[in-house]
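Chains A and B supply the protein sequences, listed in that same order.
Using the working numbering, the first residue of the first sequence is number -17, and each one after it goes up by one.
Using the working numbering, the first residue of the second sequence is number 2, and each one after it goes up by one.
Everything labelled a hint here was simulated from the structure, so no lab data went into it.
Heads up, a few of these hints could be off.
[Claimed, not checked] Listed below are the simulated BS3-like cross-link pairs for lysine-lysine, each with C-alpha atoms no more than 25 angstroms apart in a straight line: (1) B/Lys69 with A/Lys65; (2) A/Lys39 with B/Lys69; (3) B/Lys91 with A/Lys24.
[What the hints assert, rightly or not] Over 10 angstroms on every C-beta distance to chain A, these chain B residues come out as not near it, computed from the model: (4) Ser46; (5) His74; (6) Arg97.
Beta carbons: idealized from backbone N, C-alpha and C, even for Gly.
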Amino acid sequence: EPEVTQTPSHQVTQMGQEVILRCVPISNHLYFYWYRQILGQKVEFLVSFYNNEISEKSEIFDDQFSVERPDGSNFTLKIRSTKLEDSAMYFCASGGAHYEQYFGPGTRLTVT
Amino acid sequence: KNEVEQSPQNLTAQEGEFITINCSYSVGISALHWLQQHPGGGIVSLFMLSSGKKKHGRLIATINIQEKHSSLHITASHPRDSAVYICAVKRWGDMRFGAGTRLTVKP
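Okay, chain A solo, but in the shape it has when bound (with noise of 0.2 angstroms):
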């Protein structure tokens, strides 16, 4: 059964770096998705993506973040100057037409 696939499955990152967390979606979805989840609490929407453009942001996806699909293949969210509380586990979903999520295992990121 095709799945989502995300890596790193963790990263380490110092505050001030930038980290790019990859994904690969289901190769027939048409939408793509990044959500957090800090621990211990809700799951956050962070942005929507389709036809090559975001459709979608929360107000946290603010100018830290970016998303690209550079390949046809990869979906990726770039954190350009990591805070500490970016630490949490980013989840990479996608679906197709009737809008179903398809959800990957998460990379948990931790900024120290």
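Guided by the hints, dock chain B onto chain A, whose structure is given.
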């Protein structure tokens, strides 16, 4: 006030019991999702609803758009159903998540 409220927060059941988890929301939505988050953190989408009822195996999800309420039912619960169940509503512009209901099913 949270836009998505789930109840109960925690639920412990004996194997075989019928489980109901509730979700109320206060905003206009285009769809509602029920998700399952495993102890390891992974998230699985169970249902996406915009009206009526859906069934998959022992799981049933219902939504009442007028009352802004959805329920997730688990029949014949099993210890492997132990997880956090999350309600999430899709609005124009974003998606809002409930805090989750932690279900523990004891053998």
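Checked hints:
Taking the CA atoms of lysine 69 of chain B and lysine 65 of chain A, the gap is near 37 angstroms; set against the 25 angstroms cutoff, the hint is violated. Restraint check for lysine 39 of chain A and lysine 69 of chain B: satisfied, since their Cα atoms lie roughly 24 angstroms apart, inside the 25 angstroms limit. At most 25 angstroms may separate the alpha-carbon atoms for a hinted pair to count; lysine 91 of chain B and lysine 24 of chain A meet this at roughly 15 angstroms. Listed as a non-interface residue, serine 46 of chain B fails to keep its Cβ farther than 10 angstroms from every Cβ of chain A; the least gap is roughly 5 angstroms.
A cut-off of 10 angstroms between C-beta atoms confirms that histidine 74 of chain B is not in contact with chain A; the least separation is 20 angstroms. Taking the minimum C-beta to C-beta distance to chain A, about 7 angstroms, the non-interface status of arginine 97 of chain B is violated against the 10 angstroms cut.
Against the hints set out earlier in the document, violations occur for numbers 1, 4 and 6.
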